Structure formats: structure tokens, C-alpha cells
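There are 2 protein chains.
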Amino acid sequence: MLQIALDAMGADNGVEPVVCGLLQALQNKNFKAYLVGDTALLKSSLDSKRLSSDILQRIELLHADDYVRMEEKASDANKRTTTSIYHAIGLVKSGDASACVSAGHSGATMSLATLQIGRIKGVSRPAICTCMPTITNRCSIILDAGANTDCKPEYLVDFALMGFHYAKHVLHYELPRVGLLSNGEEDSKGNDLTKQTFKLLSEYDFFKGNVEGSDIFNGSVDVIVCDGFMGNLVLKASEGAASSISTILKAEIKKSIISSLGYLLAKTAFKALKKKVDYAEYGGAPLLGIKKPVIISHGKSNARAMECAIYQAIEACDSKICDKITEAFQSIATIK
Amino acid sequence: MLQIALDAMGADNGVEPVVCGLLQALQNKNFKAYLVGDTALLKSSLDSKRLSSDILQRIELLHADDYVRMEEKASDANKRTTTSIYHAIGLVKSGDASACVSAGHSGATMSLATLQIGRIKGVSRPAICTCMPTITNRCSIILDAGANTDCKPEYLVDFALMGFHYAKHVLHYELPRVGLLSNGEEDSKGNDLTKQTFKLLSEYDFFKGNVEGSDIFNGSVDVIVCDGFMGNLVLKASEGAASSISTILKAEIKKSIISSLGYLLAKTAFKALKKKVDYAEYGGAPLLGIKKPVIISHGKSNARAMECAIYQAIEACDSKICDKITEAFQSIATIK
Chain Z
1 MLQIALDAMG ADNGVEPVVC GLLQALQNKN FKAYLVGDTA LLKSSLDSKR LSSDILQRIE
61 LLHADDYVRM EEKASDANKR TTTSIYHAIG LVKSGDASAC VSAGHSGATM SLATLQIGRI
121 KGVSRPAICT CMPTITNRCS IILDAGANTD CKPEYLVDFA LMGFHYAKHV LHYELPRVGL
181 LSNGEEDSKG NDLTKQTFKL LSEYDFFKGN VEGSDIFNGS VDVIVCDGFM GNLVLKASEG
241 AASSISTILK AEIKKSIISS LGYLLAKTAF KALKKKVDYA EYGGAPLLGI KKPVIISHGK
301 SNARAMECAI YQAIEACDSK ICDKITEAFQ SIATIK
Chain F
1 MLQIALDAMG ADNGVEPVVC GLLQALQNKN FKAYLVGDTA LLKSSLDSKR LSSDILQRIE
61 LLHADDYVRM EEKASDANKR TTTSIYHAIG LVKSGDASAC VSAGHSGATM SLATLQIGRI
121 KGVSRPAICT CMPTITNRCS IILDAGANTD CKPEYLVDFA LMGFHYAKHV LHYELPRVGL
181 LSNGEEDSKG NDLTKQTFKL LSEYDFFKGN VEGSDIFNGS VDVIVCDGFM GNLVLKASEG
241 AASSISTILK AEIKKSIISS LGYLLAKTAF KALKKKVDYA EYGGAPLLGI KKPVIISHGK
301 SNARAMECAI YQAIEACDSK ICDKITEAFQ SIATIK
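Here the protein sequences come in this chain order: Z and F.
Position 263 of the first sequence, counted from 1, bears residue number 263 in this note's numbering, the numbering being contiguous throughout.
Position 314 of the second sequence, counted from 1, bears residue number 314 in this note's numbering, the numbering being contiguous throughout.
Hints are computed from structural coordinates only; laboratory data are not their basis.
Bear in mind the structure is a predicted one, so any value in this text is a computation, not a measurement.
Glycine included, each C-beta is placed from N, C-alpha and C at the ideal position.
Do not take every clue at face value.
Said to hold, decoys possible - Covered stretches of chain F (chain Z as the covering partner; in silico rule of three or more C-beta atoms under 8 Å from a C-beta of chain Z): (1) 77-88; (2) 118-127; (3) 132-143; (4) 227-238.
Unchecked claim - Residues of chain F placed beyond 12 Å of chain Z at every Cβ, according to the derived structure: (5) D38; (6) L41; (7) L46; (8) S53; (9) I55; (10) I59; (11) G146; (12) P153; (13) K168; (14) E186; (15) G262.
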């Protein structure tokens with residue numbers, strides 16, 4: 001049976017969303033979970049719920065004395081051997097678990113994943129890969145969404161390759177199209193980094209050229225490549241735009257009884273929109289380029305987001321995405 | 001009477017939005033316009049409308065044989081002396097007009113503004129300054145919104161100074177707060193460029209530290225500083241997010257008669273939202289750092305956007321923003 005290591009500590013809203021998300025996932029999928037953290041806390045959370053013996057049998061509590069706080073430095077994570085994320089990553093390293101999920105300190109998770117589990121040979125830098133809703137019936141992925149602030153062109157080429165294989169093997173897109181995030185669609189557009197990257201990517205059939213910020217949501221490509229600084233900016237700006245629109249619209253609706261009534265009648269449509277753009281439905285973000293699947297979840301994840309992040313971990317294992325990326329980089333090395 | 005040079009050519013939808021926007025502005029404000037372009041086209045557009053003699057007297061048509069096409073290189077603009085934008089900028093250079101507005105090729109406008117009118121002494125690079133709606137009752141400005149793709153830290157400091165003075169003298173914000181666009185709010189966050197810029201900006205009282213993509217819309221600062229590449233990315237990503245939300249919601253509403261009815265009842269609220277986030281209401285984007293006011297409008301501008309861009313030109317003249325920026329950079333030079 002597939003075994004997943006779940007870091008239960010360090011998320012914004014404590015262990016409850018992690019435990020609830022896990023229980024929901026255990027009901028729908030057949031796997032075993034190592035739940036790593038303060039076992040007293042975790043036991044009390046589990047005890048407060050009615051659980052079947054089948055589910056209880058598939059949870060193993062593992063105690064960790066400590067966890068990485070949000071204000072701590074990621075670079076210290078490897079020295080802090082008593083933390084929950086250190087244990088959870090350790091389970092993957094030893095082979096006891098096949099994948100790891102954490103909503104704790106993302107820098108610490110990245111650092112430990114790289115140092116303990118290790119990078120796939122040939123991958124210059126691991127990248128955070130985030131799923132985005134589009135107006136079409138398939139999502140797009142953007143990478144790097146925040147792991148590497150300053151990048152070289154070769155890193156972005158690696159991100160493109162990893163994104164292509166993720167879209168192909170995990171999302172099952174037949175011929176994934178890859179675009180390079182830039183300030184215009186024309187080939188000549190870009191800054192120093194993207195212009196150099198453009199040249200390197202032009203050798204690949206999957207490369208469809210430059211795309212703009214608005215292309216993230218229109219489905220014109222499947223994979224959008226950028227450095228982690230840009231990725232962070234566009235994701236947060238998009239979230240900000242969406243949340244501001246919602247705030248302004250709500251305030252305007254509240255101003256009149258007729259508008260409020262209209263909103264109630266149209267509520268099904270609003271709910272459908274919310275589900276489509278809700279980050280929770282997309283789970284976490286896989287850290288691509290690591291030898292084993294590691295899923296980084298938002299610190300503010302609710303139970304549904306944790307549940308979906310666990311499904312991502314299972315899909316990453318089932319699709320053997322890490323092996324596919326390893327093979328892809330091996331064959332490049334052979335060609336070179 | 002204030003005189004504005006209006007480049008009538010090269011916009012996506014021809015001369016009509018320019019002419020209609022101008023006529024509306026002439027009804028509301030007392031100024032004279034030089035309307036530069038294909039006079040046959042412009043005369044026929046004006047003839048098709050009923051105009052009072054007061055308005056007609058305040059329009060002077062000036063013929064230009066040619067205009068810069070969107071696919072042309074900005075760097076060729078200075079050689080093409082028969083274009084409408086060359087004439088319009090020339091009117092400002094000669095002092096016949098006090099400001100220029102164009103919805104044509106923005107690169108050509110920037111290039112001619114810099115080469116013909118000239119940079120303010122001490123300003124390293126002119127920047128495009130764009131107004132953004134926020135959830136508060138005042139807008140925020142972001143610069144550079146696209147003029148300079150690769151920037152040095154000193155350029156960003158100049159953008160901060162120009163943005164501060166624009167917010168103070170044109171938007172009339174008492175003590176404008178300036179933020180640096182980065183991948184996290186903590187002082188330690190950033191890429192090489194923003195980390196170096198952070199140090200330089202720390203000397204200024206108006207500097208409130210790093211801000212994230214989502215801060216563009218929440219009003220936590222008034223001025224957001226970034227390089228033109230990032231500015232372009234976050235603006236287009238935000239536009240994309242907003243337009244996708246609208247597309248998805250419309251499709252969901254259409255699925256049911258009850259939702260459609262609800263939408264009709266709530267229409268006032270949707271209209272108010274649309275007005276608040278409509279780019280047209282914010283007009284164009286001033287090119288700050290040039291000795292005279294130059295307003296760059298979206299190629300797709302409608303009449304309302306052109307009208308608002310003309311108001312921006314008038315406000316730029318009335319507020320003497322170029323003089324204020326000149327004085328600010330003079331006093332820095334004196335301190336140094």
C-alpha cells in the first residue's frame with residue numbers, strides 16, 4: 001500500500017485542517033499515512049472524531065518534539081533534526097514513505113527536500129509548480145512559482161522540461177504547450193533573462209514562444225515558465241485582483257435590497273465560479289526536480305486544500321513523475 | 001488658454017474614439033486642442049457631428065502625412081519626421097502646446113518624448129505611471145509600468161521619487177506612501193535588483209518597505225515601484241484574472257434562468273464594479289521624467305479613456321508636475 005508522510009505542524013490554522021483533510025482523503029483513496037508532529041495534539045484531534053477502524057489502521061502517528069516556525073530561516077532547517085518536517089522528509093529519504101506533504105514553512109521543506117532527498121541528476125534547481133484555473137476546461141501550470149528568486153537562463157529551460165513532463169504524465173495533456181512569461185508576445189520582447197532563455201527554448205518543439213501575464217488564465221499554453229520572483233508576483237497580483245473584485249462587488253451588492261436579492265438568485269453561479277477559482281481545489285504545489293514527490297501546501301490551507309494536496313502526492317507516485325523527469329534529464333545528458 | 005497636442009492616429013480603433021473623447025473633454029474643460037493626423041479623415045469625423053461654434057473654435061486641425069504603425073520599431077520614430085506623433089511632440093517641444101496625448105505606438109511616443117522634449121535633469125530613465133483601482137476610495141499608482149525592461153537600482157529610486165511627487169501634486173495625497181514590489185513583505189525578501197534598491201530607498205521617509213503583488217489593490221501604499229518588465233507582468237496578470245472571472249461568471253449565469261434573473265436584479269452593483277475597475281476611467285498613463293507632460297493611452301482606448309487622458313494632461317499642466325519633479329531632482333543634486 002502507498003505510504004505518504006504528512007507533516008502536521010506549522011500551518012497557519014494548526015493541525016485541524018491537516019487531520020480533517022487526511023481523514024477525507026483516507027475515505028476516498030487507499031493509502032497509509034504517517035502523521036508527523038505533536039502526537040498529544042494529533043491524538044486529541046483524532047479522538048474528537050468518529051473514525052472507522054479501517055481508517056484508524058491506516059494512520060500511524062509519529063512524534064516530533066518541535067516544528068519550524070514561520071519566522072525561522074530556511075537555511076537552519078537542516079540543523080534542526082527534531083522538527084516534524086525533518087522527520088517527514090526523513091521517511092521519504094529512508095524509503096518508508098513514497099511522498100511528503102507539508103503546509104508548514106515552505107522554505108524549510110524545500111531546503112530539506114533538496115539536502116536530504118536530493119535533486120534529480122541534471123536538474124539545476126527544483127521549482128515550485130502551481131496549477132492555475134483558466135477559462136477553458138483545463139488548468140495551466142506555472143513554474144517556478146517561488147523557489148528561486150534569481151535565475152539563469154539554463155534554470156528556466158529545466159523548469160520548461162519539468163513542466164512539460166508534469167503536464168504530460170500527471171495532468172495527462174497529450175502535447176503540452178510551453179510558453180515563456182514575458183512583457184509581450186513578439187519574439188523580440190523580454191528582459192535580458194527571458195531573451196537569453198527564449199534562444200535556448202527555441203530548440204524544443206513544445207516551446208510556443210513568449211506569453212503575457214494574461215495568458216495564465218486564457219489557456220493559450222499549458223505550461224508557463226518564469227523565475228520564482230516573477231512567478232510570485234503574478235500569482236499574488238492575480239489573487240489580489242480576484243479578491244478585490246469580490247470585495248468591491250460585495251460592498252456594491254449590499255447597498256441595495258434588490259441587488260442583494262439578485263445575488264441570492266444568482267448564488268449557484270457565484271458558487272460555481274468560486275469552486276473553479278478556489279486555490280483549495282488545486283491542492284498544493286509539487287516541488288519538481290526532487291528525486292521523490294514533495295508537495296508544498298499554502299500555510300493557510302483548509303481541510304479541502306490538504307485533501308487535494310494528498311491526492312496530488314498520490315498522483316505524483318502513481319504517474320512516476322520523478323522517474324519520468326529523471327529519464328528526460330538522462331536522455332538530454334546522453335545527447336550532450 | 002491651455003493648449004494640448006492630440007495625436008489622432010495609430011490607435012486600434014482609428015480616429016473616432018480620439019475625436020469623440022476630445023469633443024467630450026472640450027465640453028467640460030476650457031482648453032484648445034491641436035488635433036494632429038490625416039485632416040481629411042479628421043474633418044469628415046468632425047463634420048458628421050453637430051458641434052457648437054465654441055467647440056469648433058477650440059480645435060485646430062494639423063495635417064500629418066503619415067503615422068507610426070504598431071509593427072514598426074520605436075527606434076525608427078525619430079527618423080520618420082512626417083508622422084502625426086512627430087508633429088504632436090514637436091508642438092510641445094516648440095512651446096505651442098503644453099502637453100501631448102497619444103494612443104498610437106507607445107514606444108514611438110516614449111522615444112520621441114525623450115529625444116525631442118528631453119529628460120528632466122537628474123532623472124536616469126522616464127517611467128510609465130499607471131493608476132490602479134483599490135478597495136479603498138483612492139487609487140494606487142504603479143511605475144514603471146513598461147518603459148524600461150532591465151533596470152538598475154538607481155532607476156527604481158528615481159521612479160520612487162517621481163511617483164511620490166505625482167501622488168502628492170497631481171493626486172493630492174498628503175503624505176504618499178511608497179512601496180517596493182517584491183516577493184514578500186519582509187525586509188530580507190527580494191531578488192538582486194530589489195534588495196539593492198531596498199537599501200537605497202531606506203534613506204527616504206516616504207518608503208514603507210516591500211509590498212507584494214496583492215498590495216496593488218488593497219491600498220496599503222499609494223505608489224508601487226518596480227522595473228518595467230515586472231510592472232507589465234503584474235498589470236497584465238491582474239487584467240487577465242479580472243477578465244477570466246468575468247468570463248467564467250457570465251458562462252455560469254447563462255446556465256440557469258434564475259441566475260440570469262438574479263444578474264439582472266444585481267446589475268446596478270455590477271455596473272458600479274465595472275466603473276470602478278474600468279481602465280477607461282483612469283485615462284492614460286503619464287510618462288514621468290520628461291520635461292513636459294506626455295500622456296500615453298492604451299491603443300484600444302475608447303472615447304471615455306481618451307477623454308480622461310486629456311483631463312490627465314490638463315491636470316499635469318495645472319499641477320506643474322514637471323516643474324515639481326525638476327525641483328525635486330535639483331535639490332537632490334544640491335545635497336549630493
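Taking the hints in turn, this is what the structure says about them:
Here's how the segment 77-88 of chain F fares: 0 of its residues keep a CB closer than 8 Å to some CB of chain Z, so the rule of at least three is not met and the hint is violated. Given as covered by chain Z, the segment 118-127 of chain F fails the check, having 0 residues with a CB less than 8 Å from a CB of that chain where 3 are the minimum. Closer than 8 Å: that is the beta-carbon criterion, and the segment 132-143 of chain F has 3 residues meeting it against chain Z, so the requirement of 3 holds. For the segment 227-238 of chain F, the assignment as covered by chain Z holds, since 11 residues bring a beta-carbon within under 8 Å of that chain's beta-carbons and 3 suffice.
Once the 12 Å rule is applied to beta carbons, F:D38 is consistent with being away from chain Z; the minimum gap is 27 Å. For F:L41, the condition that its CB be more than 12 Å from all CB atoms of chain Z holds, with the nearest at approximately 28 Å. For F:L46, the shortest C-beta to C-beta distance to chain Z comes to about 34 Å, beyond the 12 Å cut-off, and the non-interface label holds. Even its closest Cβ contact with chain Z, about 42 Å, leaves F:S53 beyond 12 Å, as expected for a residue assigned away from the interface.
The claim that F:I55 lies off the interface holds: its Cβ sits roughly 35 Å from the closest Cβ of chain Z, which is beyond the 12 Å cut-off. With a cut of 12 Å on Cβ distances, F:I59 stays outside the contact zone with chain Z, its closest approach being about 35 Å. Non-interface call for F:G146 relative to chain Z: violated, since the shortest CB-CB distance, roughly 7 Å, does not exceed 12 Å. Every Cβ of chain Z is farther than 12 Å from the Cβ of F:P153; the closest lies at roughly 14 Å, confirming the non-interface assignment.
A cut-off of 12 Å between C-beta atoms confirms that F:K168 is not in contact with chain Z; the least separation is 24 Å. The beta carbon of F:E186 sits about 9 Å from the closest Cβ of chain Z, which is not more than 12 Å, so the claim that it is off the interface is violated. The beta carbon of F:G262 is not kept farther than 12 Å from every beta carbon of chain Z, the shortest such distance being approximately 3 Å.
In this structure, the hints that do not hold are numbers 1, 2, 11, 14 and 15, in rising order.
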